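Heads up: the sequence lines are chains A and B, in that order. Per this note's numbering, the very first residue in the first sequence carries number 1; after that it's consecutive. Per this note's numbering, the very first residue in the second sequence carries number 1; after that it's consecutive.
Because the hints were derived from the structure by calculation, they are not lab data. Quick caveat: nothing in here was measured; it's all calculated off a predicted structure. Hints should not be assumed to be uniformly reliable.
Said to hold, decoys possible - Below, a sample of chain B positions facing chain A; criterion: calculated Cβ distance under 7 Å:
#	residue
1	Ala36
2	Val44
3	Thr48
4	Ala50
5	Lys54
6	Asp55
7	Gly87
Said to hold, decoys possible - So, partial list: chain B residues that the calculated Cβ filter (under 8 Å) puts toward chain A:
#	residue
8	Arg29
9	Ala40
10	Leu43
11	Asp58
12	Leu61
13	Phe80
14	Met84
15	Leu91
16	Asp94
17	Glu100
18	Tyr125
19	Val129
Cβ coordinates follow ideal geometry from the N, Cα and C atoms, glycine included.
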Amino acid sequence: MGNGTGLGRVRGLGSAKHGGGHWVIHRMTAIGTLLLMLWLVFSLVRLPAYDFATVRLWLEQAIVAVPMMLLVISVFWHFRIGLQVLIEDYVHEEGLKFASLLGLTFYTFGMGALALFAIAKIALTGTPN
Amino acid sequence: MAQNRARPISPHLSIWKWGAHMATSIFHRATGDGMAIVGAMALVWWLTAAASGKDSYDYFLSWATHWTGQVVLIGLSWAFFQHMASGLRHLVLDIGAGYELTINRFWARATFVFGVVMTAALWSYLLFVKG
Chain A
1 MGNGTGLGRV RGLGSAKHGG GHWVIHRMTA IGTLLLMLWL VFSLVRLPAY DFATVRLWLE
61 QAIVAVPMML LVISVFWHFR IGLQVLIEDY VHEEGLKFAS LLGLTFYTFG MGALALFAIA
121 KIALTGTPN
Chain B
1 MAQNRARPIS PHLSIWKWGA HMATSIFHRA TGDGMAIVGA MALVWWLTAA ASGKDSYDYF
61 LSWATHWTGQ VVLIGLSWAF FQHMASGLRH LVLDIGAGYE LTINRFWARA TFVFGVVMTA
121 ALWSYLLFVK G
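Isolated chain A, as found in the complex (with noise of 0.2 Å):
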């Protein structure tokens, strides 16, 4: 092993295995948030009106309930690996890097659970008279 260059001091040590991972989930929910995104904008579409009796009475089924829920976590989650990508190449400063993927960290899952209580509270509720 060599110590005149960093690739000689690293080769040899292997990966740390888990680089690809993050890569792999970045386009599989990808491929979720398409689905799903195509799906709400079709389904917003044909929504004969946008009023709150209307929008109340289409989310409320179960149909629509899920998958919104699916839609959110699938969103969420792609949307906080693309921030956190945005983060690792700008922010360079380590603790400043740290304080901001912690704010990314507590702004995705305080909007999506305050997303996901949304969708149940209206599904498990109905729609008030």
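With the hints as your guide, set chain B onto chain A.
Same frame as chain A, now just chain B:
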């Protein structure tokens, strides 16, 4: 010293020129990160407003139908179609296809056409056909 102009341009930080391929790359990042912030907030606002009751929902709707809200929604739908097209291009590139210069440039340009055409089609339908 005379330079051979046909040589590739060094991809250094400040030595580059705009091309369709690199434009799709930065637009992919900008539209994705834009949707992650503005789009996610709009989605969460819509869902929580619908869950909270008619007053909250009507307040959301008053912004969504205001011209400023419409500009944001049109922008988000453009970002979605642009990101979708360049994302599909990325999936093809990921399997190792589409790197020939002319093919790569063609599909890079096609993502911009797709983004604008789909946005125009969606909003023409929503505003003029559906009313």
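### Interface hint status, Tyr125/B versus chain A (Cβ within 8 Å)
This hint holds: Tyr125/B lies near chain A, its Cβ roughly 7 Å from the closest one there, short of 8 Å.
### Query
Minimum Cβ distance from Asp55/B to chain A below 7 Å?
violated (9 Å)
### Query
At a threshold of 8 Å, is the proposed contact between Glu100/B and chain A supported by beta-carbon distances?
Since chain A brings no Cβ nearer than about 22 Å to Glu100/B, farther than 8 Å, the hint is violated.
### Hint check: 7 Å Cβ-Cβ cutoff, Val44/B to chain A
Since chain A brings a Cβ to about 5 Å from Val44/B, closer than 7 Å, the hint holds.
### Task
Hold the hint about Ala36/B up to the distance rule: shortest CB distance to chain A must be less than 7 Å.
holds (4 Å)
### Task
Would you check whether Ala40/B satisfies its interface hint, that is, whether its CB is within less than 8 Å of any CB in chain A?
holds (6 Å)
### Message
Take the shortest C-beta to C-beta distance between Lys54/B and chain A; is it under 7 Å?
### Response
Since chain A brings a Cβ to about 5 Å from Lys54/B, closer than 7 Å, the hint holds.
### Query
Is the hint on Gly87/B kept, meaning its closest Cβ partner in chain A is under 7 Å away?
At about 6 Å, which falls below the 7 Å cut-off, the nearest Cβ of chain A leaves the hint on Gly87/B intact, so it holds.
### Query
Was the hint right that Asp58/B lines chain A, CB cutoff 8 Å?
holds (7 Å)
### Task
Using 8 Å as the Cβ threshold, decide whether Phe80/B counts as touching chain A.
holds (7 Å)
### Query
For the hint on Thr48/B, does the least C-beta distance to chain A fall short of 7 Å?
holds (5 Å)
### Leu91/B as chain A interface residue, shortest Cβ-Cβ below 8 Å
holds (7 Å)
Hint compliance for this structure: hints 6, 17 and 19 are broken, all remaining hints hold.
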